[in-house]
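Using the sequences and the hints given, assemble the complete structure.
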Amino acid sequence: MIYTNSDGGARGNPGPGAVAALVRKEGEIFTKSSKFIGEEVTNNVAEYEGLILALELASTVTKGDITCFLDSELVVKQLLGEYKVRNQNILPLFLKVQKLQENFKSIKYAHVPRTDNFQVIVDELLNEELDNQGHRKKFIKKG
Numbered sequence: 137m138i139y140t141n142s143d144g145g146a147r148g149n150p151g152p153g154a155v156a157a158l159v160r161k162e163g164e165i166f167t168k169s170s171k172f173i174g175e176e177v178t179n180n181v182a183e184y185e186g187l188i189l190a191l192e193l194a195s196t197v198t199k200g201d202i203t204c205f206l207d208s209e210l211v212v213k214q215l216l217g218e219y220k221v222r223n224q225n226i227l228p229l230f231l232k233v234q235k236l237q238e239n240f241k242s243i244k245y246a247h248v249p250r251t252d253n254f255q256v257i258v259d260e261l262l263n264e265e266l267d268n269q270g271h272r273k274k275f276i277k278k279g
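Using my numbering, the letters of the sequence shown map in sequence onto residues 137 to 279.
In short, the hints are calculated from the structure, not lab data. Any given hint could be a false lead.
[Claimed, not checked] Keeping only pairs whose Cα atoms sit at most 30 Å apart, straight-line, the calculated DSSO-like set for lysine-lysine is:
| id | residue 1 | residue 2 |
| --- | --- | --- |
| 1 | Lys220 | Lys171 |
| 2 | Lys199 | Lys161 |
| 3 | Lys235 | Lys213 |
| 4 | Lys220 | Lys241 |
| 5 | Lys171 | Lys235 |
| 6 | Lys232 | Lys161 |
| 7 | Lys241 | Lys161 |
| 8 | Lys220 | Lys199 |
| 9 | Lys241 | Lys168 |
| 10 | Lys244 | Lys232 |
| 11 | Lys171 | Lys199 |
| 12 | Lys168 | Lys244 |
| 13 | Lys232 | Lys168 |
| 14 | Lys171 | Lys161 |
| 15 | Lys232 | Lys171 |
| 16 | Lys235 | Lys161 |
[Claimed, not checked] Ranges between beta-carbon positions, derived for each pair:
| id | residue 1 | residue 2 | range |
| --- | --- | --- | --- |
| 17 | Lys220 | Ile165 | 32 to 38 Å |
| 18 | Ile257 | Gly200 | 21 to 27 Å |
| 19 | Gln224 | Lys199 | 30 to 36 Å |
| 20 | Gly148 | His247 | 23 to 29 Å |
| 21 | Lys235 | Phe172 | 33 to 39 Å |
Cβ coordinates follow ideal geometry from the N, Cα and C atoms, glycine included.
Here you go:
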């Protein structure tokens, strides 16, 4: 089983945003990546963009079964069909995730706390990305 962890955040909500993701098997990280995604980004858009990055990275490692870990309960519940996607800015990202799912035999989504060891890594990566863009104020995500 291959696992991903992803995170996205914006300083200001909306504000400067970045994402990060990693792909692993058990404790071994295969690949990780982060990127700045714009000056006026919401936290929810950034969370979806982080998952998209994770799915793109995972597709270079496997076409089999994956489990995606996110600290956004909203995104997980939307992907599991427990919540509807009502925000028109989120809908295209939700649909892109649906399309990317086709690259895998099976996919599961799970919510993890921000304190999860691998979640801490992706949070640090996205903060480094924001810091490198000149946004020095520490990102603090609510929830």
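>> Are any of the numbered hints broken by this structure? If so, which, sorted upward?
In response: Violated hint: only 21; rest satisfied.
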